[in-house]
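Protein chains in written order, with the working numbering: chain R, 8 to 212; chain S, 5 to 826; chain H, 839 to 1127.
Hints listed in this document are in silico derivations from the structure and should not be mistaken for laboratory results.
The beta carbon of each residue, even a glycine, is placed where N, CA and C say it ideally should be.
Among the hints, a few may not be true.
Here are some chain R residues the structure puts well away from chain H; computed CB gaps all over 12 Å [said to hold, decoys possible]:
| no. | residue |
| --- | --- |
| 1 | F17 |
| 2 | A20 |
| 3 | T31 |
| 4 | D85 |
| 5 | K87 |
| 6 | P110 |
| 7 | T211 |
Covered by chain H, per the in silico footprint, the following chain R stretches (three or more residues, Cβ under 8 Å) [what the hints assert, rightly or not]:
| no. | stretch |
| --- | --- |
| 8 | 32 to 42 |
| 9 | 60 to 71 |
| 10 | 99 to 107 |
| 11 | 139 to 151 |
| 12 | 174 to 188 |
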Amino acid sequence: MAERDEIQRFTMAERLIHWAVAITFVYLVLSGLALFYPSFYWLASVLGGGPVIRRWHPIVGVAMFVFLLGMYLQWRRDMKLDDLDRQWLRQVGKYIRHEEGVPESGRFNAGQKLLFKTMSLMGLLLLLSGIPLWFPLRFSRSLREWSILVHEIAALVAIGGLIAHIYMGTAVVRGSMRAMLTGWVSRAWARAHHPRWAREVERTP
Amino acid sequence: MTNGWTDIANADVIVAMGGNPAENHPVGFRFVMEAKRKRNAKLVCVDPRFNRTAAVADHFVQIRTGTDIAFLNGLIHYALQNGRYNEEYIKYYTNAPFIVKEGYEFDEKEGVFSGWDESKKTYGDKSTWDYERDDQGYVKVDLTLQHPRCVFQLMKKFFARYTPEVVAQICGCSKEDFLKAADIITSTYVPAKAATFLYALGWTHHSHSVQLIHAAAMLQLLLGNVGVAGGGVNALRGHANIQGGTDCGMAYHNTAGYIPIPKAANQSLKEYLEAHTPKPLRPNSMNFWQNLDRFFVSQLKAFYGDHATKDNDFGYHLHPKLPEDPQTGKPENWSWAFIFDAMHQGKMEGFISFGMNPVNNGPHSRKVIAALAKLKWLVVVETFQTETAAFWKPDILKLVGLKPEDVQTEVFLLPAANFAEKDGTFTNSGRWIQWKWKAIDPPGEAKPDQEIIARLFLKVRELYQKEGGKFPDPVLALNWWYTNPANPSLEEVLKEINGWALTDVPDEKDPTKVVLKAGDQLSAFLQLRADGSTLSGNWLYIGVYTNAGNLAKRRSTEDPTGLGFFHNWSFNWPANRRIMYNRCSADAQGRPWDPNRPVIAWRNGKWVGDVPDYKADAPPEAVTTGLGPFIMLPEGVARLFVPGQFADGPFPEFYEPLESPVKNVLHPSHSSNPVAVVFQTTQYDKLGTPDEGYDIACTTYRLTEHFHYWTKNNPYNVQLQNEFFVEIPEELAQKKGIRNGDMVRVISARGEVRGRAMVTKRIRPMVVNGRTVYQIGMPIHWGFLGRGKQEGGLANILTPTVLDPNSFAPEYKGFLVKLEKA
Amino acid sequence: MPTVSLEVKAISAATTPAPGMKEAPRVAKLIDVSSCIGCKACEVACQEWNDLPPSVDRPFTGSYQTMPDLSWNFWQLIKFNEILRGDGRLEWTMTKYQCMHCADPGCLRACPAPGAIVQYANGIVDFVQENCIGCGYCITGCPFDVPRLNPQTGRVSKCTLCSDRVAAGLEPACIKACPTNCLSFGTKEKLLLIAHQRVEQLKERGFPNAGVYDPPGVGGTHVIYVLPHADRPEDYGLPKDPKVSWTLKLWKGPLKWLGHLIVFGGILGAFVHYLRFGPHRAREEDTGK
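With the rest of the complex left out, here is chain R:
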């Protein structure tokens, strides 16, 4: 087979699970903001009204956690940080400023890996702290109070991560979006953004 111009970055399963997490997460962010901050309550109307989001937010939350768990199992080997990644992180400023001299990334760069780990951890925290909020009558008041705090802080971290991720995936690293939609990237794209991964893919027949 002649050398194809493009290589497959994400399988169908990977893409499905990513988008499942993405869609549920966006819903959770929007409904969660409405539930947490009066200034965002207008989002509730967009999503069907207060009682509706109160009902669905925890259910969708559990769904997201299940997808997130799938994503974690699927990518956890690819997401291990190695020495080069640590070097990358030390020089993350250069990456942000698009400067030369950033260590080469594998299938995922260290920023992505860190985001993955953070999101996974936040997902777990949100699930655990969300249950007492879901069934307030079954838990003590102090546990509920702590849950609110944990849920809120975890949500804020996750929202921060999401904003960064969307920005990077759409505006900054062009082609990422196509990769997550179609599954394919150009060899050049691969060599540019994930050189170590590109070499690996090219070595294997």
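Could you slot chains S and H onto chain R? The hints should help.
Same frame as chain R, but now just chains S and H:
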């Protein structure tokens, strides 16, 4: 009540004993709270349980159930010993100075009064329980109170045994708690202070209940607390209109107005009146019952109308008479428990249970069920289906080992309207006859009581008319004058109870004057005539419906004296008098004992204030010459010593309940009331002893949350207390391995019930006569029918068939049980 | 029944100030624990007025107490408590428990649904059922643990101090039903005066620690108590020093601003980054076509 609900607010000390007013009279209890707030009054609660009244009391004493007389006698002893009595009061207002016949005696070792016949276990000769008379038939008195046989000296001797130590020993309380209570209560012996006693079924449900109230009355008389504002001996009645029922002849032994029921022995009106009209015992005594002829003839006119004439003794021959017992020659007893005893013996064919639930009421539900099963027919008139109407159901009949097919009783359940579905009057504990208005129509085919009675009557009369019968005359002659004979209006009935003049009634002193014109409503007792010219269903209620109209409807909150008389609120029998015996509220000179709380006072030749309970124009000093303030009694004064009216003695002696965990420490040979009624006719008439393992004292009571066996049909009440429970002291529960909420079995010699254990600190074990005695208690409100958990938790399955010998009230409040974890 | 709208002082989840400008006299309910006889007339009056169904099959509570706790259909609960004092004296306290109508209501602070909880100028804190989303944050926010969720309707309810009756010039149903004047209703100023009079009386009658319970941690309440042992409110089932919790304050305070910073700051930051650095241009990026 000698006083009234609103008057409680005038008290300085309130004694809640033999009653639990905070729980069972919460609305009236507002006046207790008012006294506490406004007068800084002290509330003393004496009870076997730390109840909801105790929770707001200033001093609580726990006593063993059934030992109230010992406690009260201890208080009397304390008052006598410490000079805490009102000497002028007892001299002129009680029989303290009366001299008692020679031969009267109380045997302290045996615990019986003179005249006791040990072989027959009865008082064969009560003739010594009487006063010494002079040659005119009047009682001899010694106003110095020094005569060794005067009532005062006899009391001192009689009560000397009830020292604080003995009281503590009997009641199981501490001596200190008793003394503190004694100090608070007897502190009201000073003229300007008053204590009120509030009691209810906790006193009346004993085998010595009448003597119990006697003891309380004696104490209140000694302290000068009867007839005064904030005083009195006050029975808190258990139903909205039980007072009205009592007033209007509900009990078997009298007709309306406490007129004695005619007995078979008195075959003519003359004989009857001679037998029942008392003779004055002191010169000048008002002896108001001397007017019995007026009361009774007017009542016969109400009963038989035109059929009651002078020539036929006003229909006296038509009036039912209490038959004689062929064995004893005494009138038969048809009080509550005797009815079911007779029924069980097969002496009754039918029974109409009107607003009663005898299966639950007892005493001893099993005996009642077995008795009902022997009837040919049973009519139950009720607002709900009751256990009585459904006694034939398998789970109820099982209690007496029968099956529905074994029972031939035909049962009719007639649906009745409840209180809110009909108008009429309620007479409250304070004797206020209050009109009430119908709120809603009764549901379905439910009918008001008077319509049910009237339709039954009309049908029976029709049958007598058509078919004749043994003695149709009383039914045919009955005065059924109502506009709507099938449903008499209660306005008309009240009018008739009050009564009217049938012809012009002339003044007795000046026959040229007319007191009443024919058709005028009566407005005073002595307008009644014994010649058939007046008609009155109940002389006591005269004044409730005058020419001015239905005064029971009055609702004025005007209270010019600030003492809570409210003379223009409804009508208060007798004669709109708010405080009975109120001549006693002023001293012999007519000066109120407490100038700040004058009930009546002598001013400008007349008595002003409340309606005087005295001859209206008699000057105050008359009280020193025999015109006593207790106008209904031939003595004219209150009876400390009761000369023969009671079956069990002239003074209240302490006796243990028939079932008691300990023997009477004063006289073990006569431990319990020697003349109590103890049925022995059926297998259900059994008593248990501590030796047989029945060693826990048990009492029954009612809860705020329920009204008898009625509210178990109302979801709101059921929610408040939805399950039968047994209150158990923590120590006993621990001993028996019972935890709060466990199911337990309570067993008496007569039956057993299962209920949930409510383990509490509010009943504490007590040391009685050197032995630890446990008490438990249970509310009565459950049964087999209704909402919530109705699983047969019926307290009266346990209670004994034992009665007080005077009132024939059952001993529901003290009996023995075993307790087991179920 | 004629009703007039009550002047609103505060609305839950409001982003703008409440419309009300008028002042109204502050009302209150006084509970004199020393004269409660536990008759439960208030409990039933409350249920009947508010059309709340009775729980006929409620569990056995082990005491005279009607329910183990407040519930969505039971807004007033008399708590029964047996206490053996050091001197061997038994006390059986009966303390009515219900919404305290705090001046600084934690429920209202916590509520995310605009208009689901309102505080009227007269001090009544009321739940507006149609705006309630059933999240239960008010249950967490309440320092007295009062609001209760109805699992069927998903709405939270509690004592309204009969705001409908009060608006029509009537006293709340529980007060109307109370036979002993243990409960009274009026302006808070007047009731505080009565409360202090009763406290003085209690002190004379052997309760040296009698006092008024009007906890300052929630800005005072519109339900106040006369307690014979005010030094031990927990004997009556009342929290010793209730406060709006610090977690709630953190959530509705600093964390709220942090949240807004993250959302809006994140978006703004990305935009500025793009303006400054643009997309990532890798060396070979455009060569791979």
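> Quick check: which numbered hints come out false for this structure?
Replying inline: Every hint satisfied by this model.
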